[in-house]
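*Asks:* So the protein sequences, as listed, match chains A and B.
Take the first sequence: its position 177, counting from 1, is numbered 322 in this note's numbering, and each next residue is one higher.
Take the second sequence: its position 124, counting from 1, is numbered 141 in this note's numbering, and each next residue is one higher.
Since the hints were made in silico from the structure, they are not lab data.
Backbone N, C-alpha and C define an ideal beta-carbon position, used for all residues, glycine too.
Possibly wrong hints are sitting among the right ones.
So, partial list: chain A residues that the calculated Cβ filter (under 8 Å) puts toward chain B [unchecked claim]: (1) Leu198; (2) Leu201; (3) Ile204; (4) Asp237; (5) Leu243; (6) Thr261; (7) Pro262; (8) Ala323; (9) Ile418; (10) Tyr426; (11) Leu428; (12) Phe429.
Each chain, written out:
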Amino acid sequence: MEIVIQALVNGILFGTMYGTAAIGLSLIFGTMRIVFIAQGSIIIFFSYLCFWLFTLLGIDPYLSIIPIVLVALLLGVAFYYGLFKESAALQDRISSLLIAVGVMFVAENFMTVAWTPNPRAVVTTYGFYTVRLFGIHTTLTRLIALGIAILATTGVFLFLRKTLIGTAVRACSEDSEASSLMGISPHRVNAVAFAIGTGLAGIAGINFATTYSFDPNYGFDIAIKALIALTLGGIGNVGGALLGGIIIGVIESMASYYVGMGWAQGILFVIFILTLTLRPYGLFGKISQKA
Amino acid sequence: MMKKTRKSSEQLGRAKDPSGFLKSLVQAGLKNRIFLIIIIAVLALVLFGTMPFMIGVDSFFIYYLFMVFIYIVVSQGWNLIGGYTGQVSLGTHAFFALGGYTTALIWLHDITHTWYYFDPLVMALSGVVPAIFAIIIGIPTLSRLRGDYFSFGTLAAAQILQIVILRTTAFSGGAVGLRLPAGGFTDLGRYYWTALLLVVLAVVAVYAITKSRIGLALRAISEDEMSAASHGIHILKYKLLAFIIGSFIIGVCGSLFAYYQFIVNPSSMMSLDRWMFYPLLICVLGGNGTIMGPIIGAFIVVTLFTFGENLVGRVHPMLSGILIILVMKFMPTGIWGLKDKISPRR
Numbered sequence: 146m147e148i149v150i151q152a153l154v155n156g157i158l159f160g161t162m163y164g165t166a167a168i169g170l171s172l173i174f175g176t177m178r179i180v181f182i183a184q185g186s187i188i189i190f191f192s193y194l195c196f197w198l199f200t201l202l203g204i205d206p207y208l209s210i211i212p213i214v215l216v217a218l219l220l221g222v223a224f225y226y227g228l229f230k231e232s233a234a235l236q237d238r239i240s241s242l243l244i245a246v247g248v249m250f251v252a253e254n255f256m257t258v259a260w261t262p263n264p265r266a267v268v269t270t271y272g273f274y275t276v277r278l279f280g281i282h283t284t285l286t287r288l289i290a291l292g293i294a295i296l297a298t299t300g301v302f303l304f305l306r307k308t309l310i311g312t313a314v315r316a317c318s319e320d321s322e323a324s325s326l327m328g329i330s331p332h333r334v335n336a337v338a339f340a341i342g343t344g345l346a347g348i349a350g351i352n353f354a355t356t357y358s359f360d361p362n363y364g365f366d367i368a369i370k371a372l373i374a375l376t377l378g379g380i381g382n383v384g385g386a387l388l389g390g391i392i393i394g395v396i397e398s399m400a401s402y403y404v405g406m407g408w409a410q411g412i413l414f415v416i417f418i419l420t421l422t423l424r425p426y427g428l429f430g431k432i433s434q435k436a
Numbered sequence: 018m019m020k021k022t023r024k025s026s027e028q029l030g031r032a033k034d035p036s037g038f039l040k041s042l043v044q045a046g047l048k049n050r051i052f053l054i055i056i057i058a059v060l061a062l063v064l065f066g067t068m069p070f071m072i073g074v075d076s077f078f079i080y081y082l083f084m085v086f087i088y089i090v091v092s093q094g095w096n097l098i099g100g101y102t103g104q105v106s107l108g109t110h111a112f113f114a115l116g117g118y119t120t121a122l123i124w125l126h127d128i129t130h131t132w133y134y135f136d137p138l139v140m141a142l143s144g145v146v147p148a149i150f151a152i153i154i155g156i157p158t159l160s161r162l163r164g165d166y167f168s169f170g171t172l173a174a175a176q177i178l179q180i181v182i183l184r185t186t187a188f189s190g191g192a193v194g195l196r197l198p199a200g201g202f203t204d205l206g207r208y209y210w211t212a213l214l215l216v217v218l219a220v221v222a223v224y225a226i227t228k229s230r231i232g233l234a235l236r237a238i239s240e241d242e243m244s245a246a247s248h249g250i251h252i253l254k255y256k257l258l259a260f261i262i263g264s265f266i267i268g269v270c271g272s273l274f275a276y277y278q279f280i281v282n283p284s285s286m287m288s289l290d291r292w293m294f295y296p297l298l299i300c301v302l303g304g305n306g307t308i309m310g311p312i313i314g315a316f317i318v319v320t321l322f323t324f325g326e327n328l329v330g331r332v333h334p335m336l337s338g339i340l341i342i343l344v345m346k347f348m349p350t351g352i353w354g355l356k357d358k359i360s361p362r363r
């Protein structure tokens, strides 16, 4: 029984990471209809950046949040204006998907060349502290990762609800044509959505770096899981995406405990297909929200 | 009187001198586009068909052309569903791998009692199995999922298949894969000509389909599904048909590749890059939803990737990534699409 709860908790902790990735994906997909498959590789890229800052300059991973998120936001804006502007305007899905694949190729192989394909990890002095809560062991870093993910999600949620540009992002996500008729400039909104997406990738990257070991080929896996989380949560639904991520994390860890590691992914994909066919608006979405 | 003699002398000239015949062929070709296309196709076929005799069967160039042919066939299969019908399937690698695995399993378990190595029956069956798989995943995904969701659905189905292959070690060999009972690899020639034959068959089949009423229906679906349905086109039927035929073509090609490798395993047959993204890239680069697109695209992509691998080594996937980005950013209609920009006549 204890081991089941342990698996559950691990699943939740791991799932928040998929969740943060999925929120980014959800915003990007919602506003621009771009399947940003490179999200996972970008996350790993920021993990490496965090790793570099730590090993070369000795900057603590949690301090490096500030520079990394700044870089990530800028990267998002650069991605939008540099690469995706035209295809987003045309809603040309194949082109944007292929550009995202190109970004993934470049990021993945850049990392392989720059940092070798061997797994790396950020090893801090406090990385080994374990916390015991209600009979469950977990490491301190994982708990902090959970906290950061929830904080980031709340931040994004408040940004989307309370600020004018956030409202514009939501409007575009619901109906981009109608919102541009209302005088919302799509480019600025799209750039903001993209920046938030990659910013969250930065945060997820730091969380990943502090809790697990990583290698360049891990990115696609994360991207796919984020995609599943996104469909579970419903497009444009920030809280739903996080919850979807957590559900995925839990299912994954439970499935690896009960039916074995290899099948866990298969179960996830079956759930993915079932969600797509039976509830395309997500588990928490309303029917009116069309995909 | 004068006129008559000139005409008869012309006829005489044609009979005597073979270049006169050629000249009249060219003139007929310039007048009639279809005739010209056939002439060019036959010339290309003769050129590529006799290539091994000219430069030696085992030269690197023949291997390179073999890869080009393989990619033309796979991309043409994808083109039918992704290009002409507008349903972007991301499960190409699953059909390809299924073709290869079917070949290996039939051979290993001695099912058809034929000679197996380059057996047309085995190759055809290797197309039938992916076609059945296409029906199984096509009915739920094509009937309920639109646009991106269809892409996700096919990708998920393909990944499920990959996991099943990886896990059912006793049957499929798992990650190690299945070794074909060693046949007689003699030279590249057989592979080359079979691939060329597949190219011809695939191109002719896709061309014939797209020029028929089915092709019209597919185009209508890709342009506007709602409007197509309201004009009495059974959307699911036609989408499924395109999906099945495309999968058949891809599966047969997978079978040929299995013969070439003598081993089928997930990392080579189900490679996401090689058998899913590259065919997509080839189609979009060459011109999506055109018959020439995959041919042009395959030549360009295989050239760049083969020689890129040899020249810059490890950096080459990075360069190909940049290439994908640049092409998609500046030329989203593909190379064959530029033709329409230059001359609006279609």
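*Asks:* Each hint needs a verdict: does it hold in this structure or not?
*Replies:* Evaluated hints:
1. Leu198: A/Leu198 check fails; min Cβ-Cβ to chain B is 23 Å, beyond 8 Å.
2. Leu201: Hint on A/Leu201: violated, closest Cβ of chain B at ~23 Å, above 8 Å.
3. Ile204: This interface hint is violated because 27 Å lies over the 8 Å limit.
4. Asp237: holds (6 Å)
5. Leu243: With a minimum Cβ separation of about 5 Å from chain B (threshold 8 Å), the hint on A/Leu243 holds.
6. Thr261: Not OK, violated: A/Thr261 not within 8 Å of chain B, min 11 Å.
7. Pro262: Not OK, violated: A/Pro262 not within 8 Å of chain B, min 10 Å.
8. Ala323: The hint is violated - A/Ala323 has no Cβ within 8 Å of chain B, the shortest such distance being about 19 Å.
9. Ile418: A/Ile418 check passes; min Cβ-Cβ to chain B is 5 Å, inside 8 Å.
10. Tyr426: With a minimum Cβ separation of about 11 Å from chain B (threshold 8 Å), the hint on A/Tyr426 is violated.
11. Leu428: Check failed: Cβ of A/Leu428 comes no nearer than 15 Å to chain B, outside 8 Å.
12. Phe429: violated (17 Å)
Checked against the numbered hints given earlier, the structure breaks hints 1, 2, 3, 6, 7, 8, 10, 11, 12 and satisfies all the rest.
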